[in-house]
Amino acid sequence: MSNTLLQVKDLHVGVQDKEILNGVNLEIPEGETHVLMGPNGTGKSTLGYALIGHPKYEVTEGRIIFDGEDITEEGADERAKKGLFLSFQNPLEVPGVSLSAFIKSALEQVKGERVKAWDFKKKLHATMDVLNMDYEYAERDLNVGFSGGEKKKAEILQLLMLEPKFAILDETDSGLDVDAVRTVSAGIDEYKKRTGGTLLIITHSAKILESLKVDRAHVMIEGKIDRTGGRELVDEINAKGFEEKE
Amino acid sequence: MKEKTYVEDIDRSMYDFRNEDKDAYRLEEGLTEEIVLKISEEKNDPDWVRDLRLESLKIYNSMGLPNWGPSLDGLDINHISTYVKKNAKMADNWEDVPAEVKDTFEKLGIPQAERKSLAGVGAQYDSELVYHNVKDSVAKSGVIYTDIESALKTEYADMIKEHFMKLITPSDHKFAALHGAVWSGGSFVYVPKGVKLDFPLQSYFRLNAKGAGQFEHTLIIVDEGADLHFIEGCSAPKYNVANLHAGAVELFVHKNARLRYSTIENWSKNMYNLNSKRALVDEGGKIEWITGSFGSHLSYLYPMSILRGKGAKMEFTGISFANEGQNLDTGAKVVQLAPETSSVMSTKSISKGGGVCTFRSLVKIGKDAVNSKSAVSCESLMLDSESRSDTIPAMDIRTPYADIGHEAQIGKISDEAVFYLMSRGLSEEDAKTLIVSGFADNVSKELPLEYAIEMNNLIRLEMKGSIG
Chain A
1 MSNTLLQVKD LHVGVQDKEI LNGVNLEIPE GETHVLMGPN GTGKSTLGYA
51 LIGHPKYEVT EGRIIFDGED ITEEGADERA KKGLFLSFQN PLEVPGVSLS
101 AFIKSALEQV KGERVKAWDF KKKLHATMDV LNMDYEYAER DLNVGFSGGE
151 KKKAEILQLL MLEPKFAILD ETDSGLDVDA VRTVSAGIDE YKKRTGGTLL
201 IITHSAKILE SLKVDRAHVM IEGKIDRTGG RELVDEINAK GFEEKE
Chain B
1 MKEKTYVEDI DRSMYDFRNE DKDAYRLEEG LTEEIVLKIS EEKNDPDWVR
51 DLRLESLKIY NSMGLPNWGP SLDGLDINHI STYVKKNAKM ADNWEDVPAE
101 VKDTFEKLGI PQAERKSLAG VGAQYDSELV YHNVKDSVAK SGVIYTDIES
151 ALKTEYADMI KEHFMKLITP SDHKFAALHG AVWSGGSFVY VPKGVKLDFP
201 LQSYFRLNAK GAGQFEHTLI IVDEGADLHF IEGCSAPKYN VANLHAGAVE
251 LFVHKNARLR YSTIENWSKN MYNLNSKRAL VDEGGKIEWI TGSFGSHLSY
301 LYPMSILRGK GAKMEFTGIS FANEGQNLDT GAKVVQLAPE TSSVMSTKSI
351 SKGGGVCTFR SLVKIGKDAV NSKSAVSCES LMLDSESRSD TIPAMDIRTP
401 YADIGHEAQI GKISDEAVFY LMSRGLSEED AKTLIVSGFA DNVSKELPLE
451 YAIEMNNLIR LEMKGSIG
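Sequence lines, in order, name chains A and B. 1 is the number of the first residue of the first sequence in the working numbering; add one for each residue after it. 1 is the number of the first residue of the second sequence in the working numbering; add one for each residue after it.
Hints are supplied without guarantee of correctness; some may be wrong.
Listed next, with one range per pair, are the computed distances between beta-carbon atoms [what the hints assert, rightly or not]: (1) B/Lys445 <-> A/His125: 20 to 26 Å; (2) A/Arg140 <-> B/Lys58: 56 to 62 Å; (3) A/Asp67 <-> B/Glu450: 41 to 47 Å; (4) B/Val241 <-> A/Arg140: 57 to 63 Å; (5) B/Glu450 <-> A/Asn132: 48 to 54 Å; (6) A/Arg114 <-> B/Pro393: 54 to 60 Å.
Using 25 Å as the maximum straight-line C-alpha spacing, the simulated DSS-like pairs for lysine-lysine come out as follows [stated by the list, open to error]: (7) B/Lys196 <-> B/Lys412; (8) B/Lys464 <-> A/Lys56; (9) A/Lys116 <-> A/Lys240; (10) B/Lys269 <-> B/Lys166; (11) A/Lys104 <-> B/Lys140; (12) A/Lys56 <-> B/Lys412; (13) B/Lys445 <-> A/Lys121; (14) A/Lys111 <-> B/Lys196; (15) A/Lys151 <-> A/Lys56; (16) A/Lys104 <-> B/Lys464; (17) A/Lys104 <-> A/Lys122; (18) A/Lys81 <-> B/Lys464; (19) A/Lys193 <-> A/Lys207; (20) B/Lys269 <-> B/Lys238; (21) A/Lys151 <-> A/Lys122; (22) A/Lys116 <-> B/Lys166; (23) A/Lys121 <-> A/Lys151; (24) A/Lys193 <-> A/Lys240; (25) A/Lys123 <-> A/Lys104; (26) A/Lys165 <-> A/Lys104; (27) A/Lys193 <-> A/Lys81; (28) B/Lys196 <-> A/Lys151; (29) B/Lys193 <-> B/Lys140; (30) A/Lys151 <-> A/Lys9; (31) A/Lys111 <-> A/Lys240; (32) B/Lys412 <-> B/Lys255; (33) B/Lys166 <-> B/Lys38.
Calculated directly from the structure, the hints in this document are not laboratory data. Backbone N, C-alpha and C fix where the C-beta goes; we use that ideal spot for every residue, glycine too.
Just need the whole structure built from these sequences, with the hints factored in.
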């Protein structure tokens, strides 16, 4: 048995006094890949934001334990330094800050040391190759004018460069064409290969999961984990939808 | 995240050190004919300069304060020393500059910059230049870069007389008149026909004396087909009494010439910066203004470009950053008088901790300026709910054959963007600093590397303690 990396205990989360999560329990052992599915508006992204410490998502009850430490009260930057990562569903545009400069300063923050420019560039380009990204994107302003697919690739690029212990991928496959989904999947494979990292994949579709070994699947309904199962649960949901309870 | 941004006093020690001015020659405070004559005598003015000073003083006394911008109530010219001179002669060898003055400029990185990337440098300390040097190769090409007082004693005396305070005249406004009466120091640059300088010339103005004014005059003439990049930097230590800067910059860009005029202004936050800048551009010539305004308590600054020759161009790229206690009223003006002229103004302003930024633009297109273009865009970023940003555009278009555009955007720093950067490990302060530096990118990417770094350091300094 591997160690539990993430433990969510009876988590209640509200946004502007409206409770969205009401008692989520979740355990993810180190190195596993979990899938979180559920209808729209049921709180999947809220869980992602709450886990990485978005200040607008207020934890009213419950705890988040990461790597043996209670991080419920910690800020987003501290959590990132401990190894949490969220691939955003809608990454923000930041004019005037290049993708490469941003990744470099984030890398220096999480590693706590200066990164040599030459080594960084080499690794960045090798990683962009995995994602079929033109090197030119590294010098462009962060997400500014990127297409939906390019934004998602840029998120996976950050995942591969920062090598967090635990990554949440929030609808990373949504709105992508078949080729882009394949590229993103290859990126996720690469992450597992490089780091043996732990994943929580929030998704609507099974496409992105085809080439991945899924350890557990969870279905969220109305702010709670409704069901948990193995890979077969993903196929079942795909066939029957969320309403069909056993 | 809390709603309000708490702003601490920033660490300005890099600029804030002051030197005692015990061995300086300093004229008494206030402004009288007697004082103006003393300045004139001290400087050995030619008669025409002395007469211009006295004429300017009359105009100064007859004009009222500007009544449309931020309040000038805190400024009392009767308590400003108009002339302070270090007891030192101007040197062209760095070793000959007095130790504490040298120390000041060493701290500001001036000699280092000269060695690295400049074709020539001038340094003014209070009212007079203390150092001037131009690389041999530049001097051999016929480029003149000196202070105006020295140039008045050379063959260029007539050229100066022909141009001096002709573009900015004493009757333009009260502080132009003041400048005409008490001006001292500054730069004279002449770039001969066809000479293109690969490296910039720089002048640095340091106002060290307490309760004093700095009134330097910059006169640059770029002859036909020539090319120059001129950089001015300014700073001062902070005192608890007002200091005044009322310089004048007159730029003449001849046919097919190009002049880039870059300024990184970082006056201390007790400074009244009432500066006037103007350029006159002939056929096919181009003036490019790059301006970063970070310092001063209060600024009135609107560089003006007059495009009088066919196809003349101007580009203005600027950024202002107003922090607590600062009111920066800045902008640009362009007057397009000839066909096929074009102007582009692109400005950004940042306000924080209750700071006020006002952007004023004026685009005037005359009836003969057919097929001319003008595009103005300004973007403002407010970092908290106490700060303020205003945009006041004016246009006066006298021909139907012109293409005019104006865009303005005012926004707040996005909490979501801050969070996005924080989720990758950046602290809140670093995230905000990165966003603000990115916002200021239009200016920093136009500056030589050393200055871009200095500007980013200034932004970092201003962002310190901005945790919300």
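How the hints compare with the structure:
1. B/Lys445 <-> A/His125: 20 to 26 Å: 23 Å, holds
2. A/Arg140 <-> B/Lys58: 56 to 62 Å: 58 Å, holds
3. A/Asp67 <-> B/Glu450: 41 to 47 Å: 44 Å, holds
4. B/Val241 <-> A/Arg140: 57 to 63 Å: 49 Å, violated
5. B/Glu450 <-> A/Asn132: 48 to 54 Å: 38 Å, violated
6. A/Arg114 <-> B/Pro393: 54 to 60 Å: For A/Arg114 and B/Pro393 the Cβ distance comes to about 45 Å; the hint is violated.
7. B/Lys196 <-> B/Lys412: Violated, because 42 Å separates the two Cα atoms, which is more than 25 Å.
8. B/Lys464 <-> A/Lys56: Judged against 25 Å, a Cα distance of about 24 Å means the pair holds.
9. A/Lys116 <-> A/Lys240: Violated, at roughly 51 Å.
10. B/Lys269 <-> B/Lys166: Outside the cut-off at roughly 31 Å; violated.
11. A/Lys104 <-> B/Lys140: Cα-Cα ~45 Å, so violated.
12. A/Lys56 <-> B/Lys412: Satisfied, since the Cα-Cα distance of roughly 17 Å is no more than 25 Å.
13. B/Lys445 <-> A/Lys121: Holds, at roughly 21 Å.
14. A/Lys111 <-> B/Lys196: Given that 25 Å is the threshold and the Cα spacing comes to 47 Å, the pair is violated.
15. A/Lys151 <-> A/Lys56: Roughly 23 Å between the alpha carbons, so the hint for A/Lys151 and A/Lys56 holds.
16. A/Lys104 <-> B/Lys464: 21 Å, holds
17. A/Lys104 <-> A/Lys122: 12 Å, holds
18. A/Lys81 <-> B/Lys464: 21 Å, holds
19. A/Lys193 <-> A/Lys207: 20 Å, holds
20. B/Lys269 <-> B/Lys238: 6 Å, holds
21. A/Lys151 <-> A/Lys122: The hint holds at about 21 Å.
22. A/Lys116 <-> B/Lys166: 54 Å, violated
23. A/Lys121 <-> A/Lys151: Within the cut-off at roughly 20 Å; holds.
24. A/Lys193 <-> A/Lys240: 33 Å, violated
25. A/Lys123 <-> A/Lys104: Holds, at roughly 11 Å.
26. A/Lys165 <-> A/Lys104: 18 Å, holds
27. A/Lys193 <-> A/Lys81: At roughly 21 Å apart (the allowed maximum being 25 Å), A/Lys81 and A/Lys193 satisfy the hint.
28. B/Lys196 <-> A/Lys151: 44 Å, violated
29. B/Lys193 <-> B/Lys140: 14 Å, holds
30. A/Lys151 <-> A/Lys9: Measuring from Cα to Cα gives roughly 32 Å; hence the hint is violated.
31. A/Lys111 <-> A/Lys240: 45 Å, violated
32. B/Lys412 <-> B/Lys255: The given pair, whose Cα atoms are some 43 Å apart, is violated under the 25 Å limit.
33. B/Lys166 <-> B/Lys38: 24 Å, holds
Hint compliance for this structure: hints 4, 5, 6, 7, 9, 10, 11, 14, 22, 24, 28, 30, 31 and 32 are not met, and every other hint is.
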